[in-house]
Amino acid sequence: MDEKLVDILGDIFDLEPEEISGDLTHEDVPLWDSLNHLKLITAIEQAYGIQFAMAEVQSIDSIAKLKAAVDAKQG
Amino acid sequence: MDVPNLRKELKAIGTHEALMERLTRLDPAGLSAMEVSIAARRLRHFDGPPTLKIAYLGNRTFEPLPDYLEVYGACHAVACSSYIGPYDQHFQEVLAEGSGLRAFAPDVILLALSLRDLAPALADNFTALSDADRQAESDRVVASVKDWIGAAKASGSASLLIANFVAPPRPQAGLADLADAAGEAAFYAQLNGALAALCRAETRTHLVDVDAIAGAYGKTRALNQRLYYLARREWDEGFMPALAETLLGYLLALSGRTKKCLVLDLDNTLWGGVIGEDGPENIKIAKGDPVGEAYRAVHHAALALKRRGIILAVNSKNNREDALEAFAKQSDMPLKPGDFATLEINWDHKHENLARIAKTLNIGTDSLAFADDNPVECALVRETMPEVAVIELSGDPADFADLILSRPYFQKLEITGEDRQKSQQYLENRKRDEARDSVGDLAGYLATLGTEIHVRRPSTKDAARIHQLFTKTNQFNVTTKRYGPGEVAEFIESDDFDTIVVEVSDRFGDLGTVGLVLIDRRGDWPRIDSFIMSCRAMGREIESAIMNEIKRDYLLSGRHEALFASFSPTKKNLPVTTFFERQGFAIAEESDSGDKSYRLAASEAALLDCDHIALIKED
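Chains as they are written, first to last, in the working numbering: chain B, 100 to 174; chain P, 798 to 1416.
Simulated from the structure, these hints should not be mistaken for lab results. For every residue, glycine included, the Cβ atom is placed at its ideal position computed from N, Cα and C. Hints are not guaranteed to be accurate.
Said to hold, decoys possible - DSBU-like mimics (lysine-lysine), calculated; alpha carbons at most 35 Å apart, straight line:
1) P/Lys1081 x P/Lys1258
2) P/Lys1368 x P/Lys1114
3) P/Lys1368 x B/Lys103
4) P/Lys1368 x B/Lys172
5) P/Lys1258 x B/Lys172
6) B/Lys103 x P/Lys1016
7) B/Lys164 x B/Lys103
8) B/Lys166 x P/Lys1228
9) B/Lys103 x P/Lys805
10) P/Lys1114 x P/Lys808
11) P/Lys1126 x B/Lys164
12) P/Lys1258 x P/Lys1114
13) B/Lys164 x P/Lys1016
14) P/Lys1016 x B/Lys166
15) B/Lys172 x P/Lys805
16) B/Lys164 x P/Lys808
17) P/Lys808 x B/Lys166
18) P/Lys1114 x P/Lys1057
19) P/Lys1258 x P/Lys1348
What the hints assert, rightly or not - Cβ-Cβ distance ranges computed for the label pairs, FRET-style:
20) B/Glu144 x P/Thr1181: 41 to 51 Å
21) P/Arg997 x B/Leu130: 37 to 47 Å
22) P/Ala920 x B/Ala154: 16 to 26 Å
23) B/Glu115 x P/Pro1183: 29 to 39 Å
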């Protein structure tokens, strides 16, 4: 996972880098509530210069899905 | 501002105090969204000292606005805490005894409603409505806000901030909307006008012009449709700094944390160029010269602040004669030497001059803001006097005026007669000082002043000034209780309290309403809860004349057998440490923290000699 993504996840969910892996879902992360979800999406969009559709915003519920969505946008 | 690894640094700070101290050295406008988020989380992590409590109510998702306000507040040394009411329950929250809002007991409530839920017909189908329907909807919305204000005021003593409605950036009728006198743009102007009138008519209620703040930022960017659909979060994150900075202005004004004096440098701050090098005739300050016009705008900004009641002063490294010659030679400069309460023009360090300016004006250095173009001077002042707000005029002079006017600590929610006259009063003080120097001895000087004081009970017209005296007076203030506007209204109206205001004038001019006494009558004996005098009235025994009147009224008249008084020490109220002893009171109780309770028996009440003051009692 790239450093930028780990940084953002660490900042928003208050996690150490070694705690972050693709296996995590929103149920595993105490701070992953609906407000922090939007914070995460906005931060990712800004950092990567991409934009998610509303349906994508709703479907991203794990770090694996988030990473896949970011990779797909970046082509 | 670019602070590398600020996020890591913030996470590592171990105490609330250290975090607040670190934040006061940051310019909030330079913080990224992530830095704000982390700073807010860290602030909440600690059990901080007492805070300014802000509640957010309405039919919208407020986050992350509370984060921004808590962090921006911390950057200005104001610790805030937040309560966000449940969605669309602003009435329940103020009405229900056991609500979260009641338990939180806020100092400030922000009500920000969206018409999209409150009046969907207006928001969605404006052009489908008849003129009568539009009017009926508008009346219903204003009446509902009015009802809420009434309920909120009955529920506690919080100040109320009411957000107005953002007029849609694209009216449904398009360009044709402007041809219709009852069109959408006109409708919102009228609706917001009615809301503004409502706020003006209510005490401790203030309008927040979100329509104008969003307009200045760009409405289509400020209103984020995607986040509204996803989470009812209408305000874009990018809009938060503008909104938070404005709201911070309200908080600083309500809590009395505003600056009293703007201190200005001269070269490259009030004009382009350096007098010592370019000569007084060659500095850029003329109309018609682009750079000169930018500096003239700085003069107009300073004069606008002066009319708000902010005192102006000069702090410049120059030969004094050269600088005064520049003012004389460039005679169409908007600012004149007489606009400044004091001019420190010499080769001393700027921070030494700032200390001198504060002393001359009899205010604390934490009441000063200092504007200078030189980054080294700015850094030195920040380092030596962190309590002074530094306005660093870097970049293009075209932006300087706005940089000064946009500072949140120059905000007032109402400009009183006192504010308008303040600079005049400081000028009169300068003349009094000169008179004292020529008379020599103090008693002789006091006798020549011809001081007259008017003692009276206040009316609601005095509420704004009384609130100012409670929140802004530090030195001559026996208990330094910072009462809010709601409590002030109660003091004026209730029979449980006697409030006395004192106006002072002398042969040099009018000092205005400078004295305030609050007597709590709820106990067995009347108790002086607050005794406050503005610093510009200190040193002439006015306090003894006021106390004589209180002794006459409460004790010598036979109304009461004793009068009590309270004192709490602060870092700043040293001038009143033994005030009650000097007035003949005896200590009844003293706590370890230095709080004292005093008692004066009617049989021991003696009037102090202050024949040089004429006291007039008004009904």
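(message) Tell me the numbers of any earlier hints that the structure contravenes, in ascending order.
(response) 1, 3, 4, 5, 8, 10, 11, 12
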